[in-house]
Amino acid sequence: MNVTNIDLSLLGIMLLAALWTVMGRSLLKATIGLALTSAVLTILIFRLNSPLAAVFELSVCTGLITVVFVSTISLTKPLTHKEIIEMSKNRHKRYIYLPLILVLTAIGLVLLKIPNDFAVPQPPETPLSVQNILWNVRHLDLFGQIIIMLAGAFGVVTLFTERRKDDR
Amino acid sequence: MTADPWNLFLVFGFFITMLFICGLYCILVTRSLIRAIIGLELLIKAVTLLIIVAGYINNRMSLAQSLVITVIVIEVILVVIAGGVSLQIFRHNGDLDTRRLRNLKG
Chain X
1 MNVTNIDLSL LGIMLLAALW TVMGRSLLKA TIGLALTSAV LTILIFRLNS
51 PLAAVFELSV CTGLITVVFV STISLTKPLT HKEIIEMSKN RHKRYIYLPL
101 ILVLTAIGLV LLKIPNDFAV PQPPETPLSV QNILWNVRHL DLFGQIIIML
151 AGAFGVVTLF TERRKDDR
Chain L
169 MTADPWNLFL VFGFFITMLF ICGLYCILVT RSLIRAIIGL ELLIKAVTLL
219 IIVAGYINNR MSLAQSLVIT VIVIEVILVV IAGGVSLQIF RHNGDLDTRR
269 LRNLKG
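For the record, the sequence lines run as chains X and L. Read in the numbering used here, the first sequence has 28 at position 28, and its numbers run on one by one without any break. Count along the second sequence from 1, add 168, and you get the number used in the numbering used here.
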């Protein structure tokens with residue numbers, strides 16, 4: 001695959017969405033920016049011939065994680081007007097350096113001479129499907145995933161439940 | 169490595185680096201716990217794209233996809249647990265300011 005203008009545009013949009021996520025004032029808008037970053041990443045993953053990973057990214061990262069973030073934000077108390085003004089002053093000072101750092105890094109990467117003599121391993125003679133790799137080659141990963149999901153479920157029950165005052 | 173995969177790796181690598189810096193800067197500078205989790209999410213997205221690009225260049229898309237699925241599962245659990253911890257800290261401290269975490273014992 002050659003890098004086309006579509007890929008470059010998508011990468012640019014992804015970076016802009018990420019910048020908006022980091023630099024925006026509102027947490028809710030930052031969450032929406034993260035979802036947008038995820039959605040554009042999904043298209044890029046799909047264009048790189050990985051449809052299964054793209055579907056996971058779209059449904060889980062764009063959908064579920066956004067819902068989790070919005071739920072968490074909605075369960076916390078909003079800032080007062082005075083606090084918003086105070087935070088906005090400080091935010092401007094703290095985040096002004098990010099575009100500068102990005103531009104400097106971009107210049108450094110363009111000027112950097114990276115040798116292109118890396119050896120690429122030969123493609124496998126009999127390419128396996130994703131299902132085959134997940135179930136037969138990397139089955140230990142699945143075991144780990146199950147444990148992590150159980151830990152997550154336990155964590156949700158423990159952390160999201162509001163304790164009674166006499167339990168504290 | 170032939171010119172085309174190398175070119176692809178350079179272009180994607182450039183943007184992956186930028187995305188990674190955005191996430192890292194967010195984690196380092198922010199004072200809100202939720203925004204720190206968002207920064208962590210951006211870091212994971214950069215890593216996800218790097219795995220996919222590496223798999224594409226090496227013609228091992230299936231392996232890359234299975235790794236990405238594992239990463240996504242871990243990412244979700246991490247966000248849920250971190251969200252829950254943030255909520256508990258909010259209930260304890262009354263806000264999500266990371267500077268106020270210094271009052272914790274231990």
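Simulated from the structure, these hints should not be mistaken for laboratory data. Any given hint could turn out to be false.
[What the hints assert, rightly or not] Okay, derived cross-link-like pairs now, EDC-like style, lysine to aspartate or glutamate, Cα gap no bigger than 20 Å in a straight line: (1) Lys113/X / Glu125/X; (2) Lys273/L / Asp263/L; (3) Lys77/X / Glu162/X; (4) Lys82/X / Asp265/L; (5) Lys77/X / Asp263/L; (6) Lys93/X / Asp265/L; (7) Lys82/X / Asp263/L; (8) Lys77/X / Asp265/L; (9) Lys29/X / Asp265/L; (10) Lys29/X / Asp117/X; (11) Lys77/X / Asp7/X; (12) Lys113/X / Asp172/L; (13) Lys89/X / Asp265/L; (14) Lys89/X / Asp263/L.
[Unchecked claim] So the derived list for chain L, only partly shown, Cβ under 8 Å to chain X, looks like this: (15) Trp174; (16) Tyr193; (17) Val197; (18) Leu211; (19) Val215; (20) Tyr224; (21) Val247; (22) Val253; (23) Thr266.
Small disclaimer: the values here were computed from a predicted structure and weren't measured. Here a beta-carbon is modelled for each residue, glycine too, at the ideal position from N, C-alpha and C.
Does the interface hint hold: is Trp174/L within less than 8 Å of chain X, judged Cβ to Cβ?
-> 5 Å, holds
Agreement of Lys93/X and Asp265/L with the hint, judged by alpha carbon distance not exceeding 20 Å = 17 Å, holds
Pairwise hint evaluation, Glu125/X against Lys113/X, where the allowed Cα distance is 20 Å at most | 34 Å, violated
Do the numbers back the hint for Tyr224/L, that is, is its least Cβ distance to chain X under 8 Å?
-> 5 Å, holds
Straight-line alpha-carbon gap Lys77/X to Asp265/L, limit 20 Å | OK: Lys77/X and Asp265/L at ~12 Å, within 20 Å.
Pair hint outcome, Lys77/X versus Glu162/X [Cα-Cα no greater than 20 Å] = 15 Å, holds
Satisfaction of the Val215/L interface hint, Cβ to chain X closer than 8 Å | 11 Å, violated
Once the shortest beta carbon distance from Val253/L to chain X is found, is it less than 8 Å?
-> Holds. Min distance 6 Å.
Is the straight-line distance between the alpha-carbon of Lys89/X and that of Asp265/L 20 Å or less?
-> 16 Å, holds
Hint check, Tyr193/L versus chain X [nearest Cβ-Cβ separation less than 8 Å] = This hint holds: Tyr193/L lies near chain X, its Cβ roughly 5 Å from the closest one there, short of 8 Å.
Interface restraint verdict for Thr266/L against chain X (beta-carbon cut-off 8 Å) | 13 Å, violated
Given hint Asp265/L paired with Lys29/X - CA-CA distance at most 20 Å = 19 Å, holds
The structure is inconsistent with the numbered hints 1, 10, 11, 18, 19 and 23, although it conforms to all the rest.
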